[in-house]
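Based on the hints, put chain B in the right spot on chain A.
As a plain string of letters, each chain reads:
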Amino acid sequence: MANWTLASLVRGIRTTRWPRRDDIPPGAVPLRLDGRAGDGREYKRLEDGAASPGNAVWTFRTAHSQGPLPRRFRHSVHVRFVDAGADGACISEVRLIDAPPYNMHRFGIFITASPREADVLLVAGPVTEAMRGALLKAYDAMATPRRVVAIGDEAINGGVFGKSFASAGGVHEVIPVDFIVPGCPPPPLAIIQGLLAAAGQIDVPQAEMTP
Amino acid sequence: MSDRQEWLQWLHGLAPEATVEDAGDWIEVLLAAGALPTFTAALEENHYEFATLVVESDTASDGFVLRYFFYDPNDGVIVAIRIAAAPDERLPSISQRGHAAAWHEREAEDLFGIPFEGHPFLGDYVLHDSVWPEDVRPMRPEFDPRERVTTPGIGVNWRPRRILHQEGAIIFPVGPIWADYNESALFLLETPGEQIYECHSRLFYKYRAVEKIAENQTREQGILLAERFSGSSAFAHVWAYCQALEKIGGCDVPPRAQALRTVFAELERIRYHAATIAALASSTSLAVGKSMSQEVEERMLRLTGQVCGHRYLFGLCVPGGLAWDPGAAALATLRAGVADAAKEFARLERRFVRTSSYLDRIEEMGTLPTEVADLYGVVGPVARASGRTVDLRRSLPYGSYADHRPDVPRELEGDGYARLRVYFAEIRASVALIEVLLANLPGGAIAAECPPAPGAALAWTEAPAGGTFHWLRIDDTGRIRRWRIAPPGFRNWHAFHRALEGAAFQDFHIIMASFGLSIAESDR
Numbered sequence: 001m002a003n004w005t006l007a008s009l010v011r012g013i014r015t016t017r018w019p020r021r022d023d024i025p026p027g028a029v030p031l032r033l034d035g036r037a038g039d040g041r042e043y044k045r046l047e048d049g050a051a052s053p054g055n056a057v058w059t060f061r062t063a064h065s066q067g068p069l070p071r072r073f074r075h076s077v078h079v080r081f082v083d084a085g086a087d088g089a090c091i092s093e094v095r096l097i098d099a100p101p102y103n104m105h106r107f108g109i110f111i112t113a114s115p116r117e118a119d120v121l122l123v124a125g126p127v128t129e130a131m132r133g134a135l136l137k138a139y140d141a142m143a144t145p146r147r148v149v150a151i152g153d154e155a156i157n158g159g160v161f162g163k164s165f166a167s168a169g170g171v172h173e174v175i176p177v178d179f180i181v182p183g184c185p186p187p188p189l190a191i192i193q194g195l196l197a198a199a200g201q202i203d204v205p206q207a208e209m210t211p
Numbered sequence: 212m213s214d215r216q217e218w219l220q221w222l223h224g225l226a227p228e229a230t231v232e233d234a235g236d237w238i239e240v241l242l243a244a245g246a247l248p249t250f251t252a253a254l255e256e257n258h259y260e261f262a263t264l265v266v267e268s269d270t271a272s273d274g275f276v277l278r279y280f281f282y283d284p285n286d287g288v289i290v291a292i293r294i295a296a297a298p299d300e301r302l303p304s305i306s307q308r309g310h311a312a313a314w315h316e317r318e319a320e321d322l323f324g325i326p327f328e329g330h331p332f333l334g335d336y337v338l339h340d341s342v343w344p345e346d347v348r349p350m351r352p353e354f355d356p357r358e359r360v361t362t363p364g365i366g367v368n369w370r371p372r373r374i375l376h377q378e379g380a381i382i383f384p385v386g387p388i389w390a391d392y393n394e395s396a397l398f399l400l401e402t403p404g405e406q407i408y409e410c411h412s413r414l415f416y417k418y419r420a421v422e423k424i425a426e427n428q429t430r431e432q433g434i435l436l437a438e439r440f441s442g443s444s445a446f447a448h449v450w451a452y453c454q455a456l457e458k459i460g461g462c463d464v465p466p467r468a469q470a471l472r473t474v475f476a477e478l479e480r481i482r483y484h485a486a487t488i489a490a491l492a493s494s495t496s497l498a499v500g501k502s503m504s505q506e507v508e509e510r511m512l513r514l515t516g517q518v519c520g521h522r523y524l525f526g527l528c529v530p531g532g533l534a535w536d537p538g539a540a541a542l543a544t545l546r547a548g549v550a551d552a553a554k555e556f557a558r559l560e561r562r563f564v565r566t567s568s569y570l571d572r573i574e575e576m577g578t579l580p581t582e583v584a585d586l587y588g589v590v591g592p593v594a595r596a597s598g599r600t601v602d603l604r605r606s607l608p609y610g611s612y613a614d615h616r617p618d619v620p621r622e623l624e625g626d627g628y629a630r631l632r633v634y635f636a637e638i639r640a641s642v643a644l645i646e647v648l649l650a651n652l653p654g655g656a657i658a659a660e661c662p663p664a665p666g667a668a669l670a671w672t673e674a675p676a677g678g679t680f681h682w683l684r685i686d687d688t689g690r691i692r693r694w695r696i697a698p699p700g701f702r703n704w705h706a707f708h709r710a711l712e713g714a715a716f717q718d719f720h721i722i723m724a725s726f727g728l729s730i731a732e733s734d735r
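Same order as they appear, the protein sequences are chains A and B. First residue of the first sequence? That's 1 in my numbering, and the numbers climb one at a time after it. First residue of the second sequence? That's 212 in my numbering, and the numbers climb one at a time after it.
Bound conformation, chain A alone (with noise of 0.2 angstroms):
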């Protein structure tokens, strides 16, 4: 029989200090956040070591961005995933918030199984005809004051699956947005990034272009 909890202490504490401390590990973020084919460049300036994101801002607030959730939020947020046609990839960086490398629970942010006790919902994908029901009724039974996160291009303005007959074309076409994590996939650090700002435990700067 294996001591798993031995183990996990003789490991010792494995999660980044981010963003109390700039210690964003090589990897952690990726150079070509959109995915697209790169020319090497941004590869060349990694080998030198110099690409520490430091505290970069991977979140933005719509034009009709209510604004963070009420103070008294602030450091205990509940938070409902809905995967409206996300890829894997993005549902992988998802899965991957809670893990020991960020654990987002030292933040005071939880998942939960329920809309109705959720003041966050996190909505990856472009909004496909079939989810276009199910994320309302989610979004509906959501007791306010309540906070929309987009993560990940697609969710933003469909990205490459754009509007179509399958896609609604971003979640913002179906229920109001509040904050967007750009990014094919975000990595999970931009996905805390956008739930900090929802909470209000961090400013993010508007968005240029809001869809």
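There could be a bad hint or two in this list.
Below are the DSSO-like pairs computed for lysine-lysine, each with C-alpha atoms no more than 30 angstroms apart in a straight line [said to hold, decoys possible]: (1) A:Lys137 <-> A:Lys163; (2) B:Lys501 <-> B:Lys458; (3) B:Lys423 <-> A:Lys137; (4) B:Lys423 <-> A:Lys163; (5) B:Lys423 <-> B:Lys458.
The set of hints was computed from the structure by calculation and includes no laboratory data.
Leaving out everything else, chain B in the frame of chain A:
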């Protein structure tokens, strides 16, 4: 039979009235629709595996051209049965004997409106009846993908099919939005109380119509779609897509690019399986095991991000080779990182197999016997845990796999524990392969010119979840005319309900996690 001529003769003997011709990559058999079931039955009897069904609209006749692809896993011969169908012609279903083609036929019926005679379940598949009206056929050429269909479906009047009729029996719905971070799909579990008797998997909540919106797009836009519809197995799909373009254009990929593509595909496999192992530990509430697996998964992601500038290998594969050469320093980092992670995986596996409470949850749970796996034509690690050694890297070698044949693990029990062992064994095999490839990496160019050309080709890769086939047709203007993606989930999700039969409710999560399937990949 090793000679191609002998194959042609043998196929001709199976159907004397048919025309058999050598189409280069495959042998094409022009068959009358009526002869289809007996012919495919003969192929299956000779241990042919069903690859995919490709339907194309025939603009000249308003009808359809169907190609049923089969391959021989031992000799690497691909056979395509070509059927020309009139607009409303009823075709015989071939999924009565083996079920591998059943979901392909359902999809063709739903999206093209081709009726299949003798198929037990048709309709309400990709296009849910609750959302879409009955007469929508999005894959037909006259359908405009940019317009939203405004006519509603039957909405709340939709009722799931009931199989279990027993006093007190209920249908327990799971999804489409469910539990913590699960992908959207609906599972209707039929139960008299404690045990799951039947599961009706309702997928395609994430149908983004990739095959339709790709029509008339440039091949560069196709690359973006190939990477982004699945995401977690992006490299496998974009590699298959690029292979199809390279076959059409007749361009040779330099050996260095072939070797590096193989390295990245194996890197993706390691990371994919690490995520599955984490999900399996999580489903059994083994929190520390889950955390440790996620840590090594994250380590693989960071390594990939460091070497390629993207954590999921996007933007790397282009027609003709790779977008750029990572360089010696980065490849040395990769080699050291993979060797390091291999030690961590070995430690993790030792811990898992020594945890009896964990094994109690996954042993003899979600068993898929070999004969059921054969019946459904299951692929990938799930098949290999059920005694089926189907692997396209060995059957139809591509990339560097012809020279570097990977070890393919095989377990016989077909339960959750067998699947866990297969995942760890595949990680070991992938680590060994990466090590060999990086140690003997050929020099030279990283990409060759691959100018656009018209034509059609079938390409394939062994994605982490199993074999995938891509059929691509490029028109004279260099744009995509038809792109058919046959994801591995199409077989494995189909067989999933058989592994659930008789399971207790709390095992549902565990069985699903042990299958390690992506819904985004199969919904497309």
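Contradicted hints - numbers only:
2
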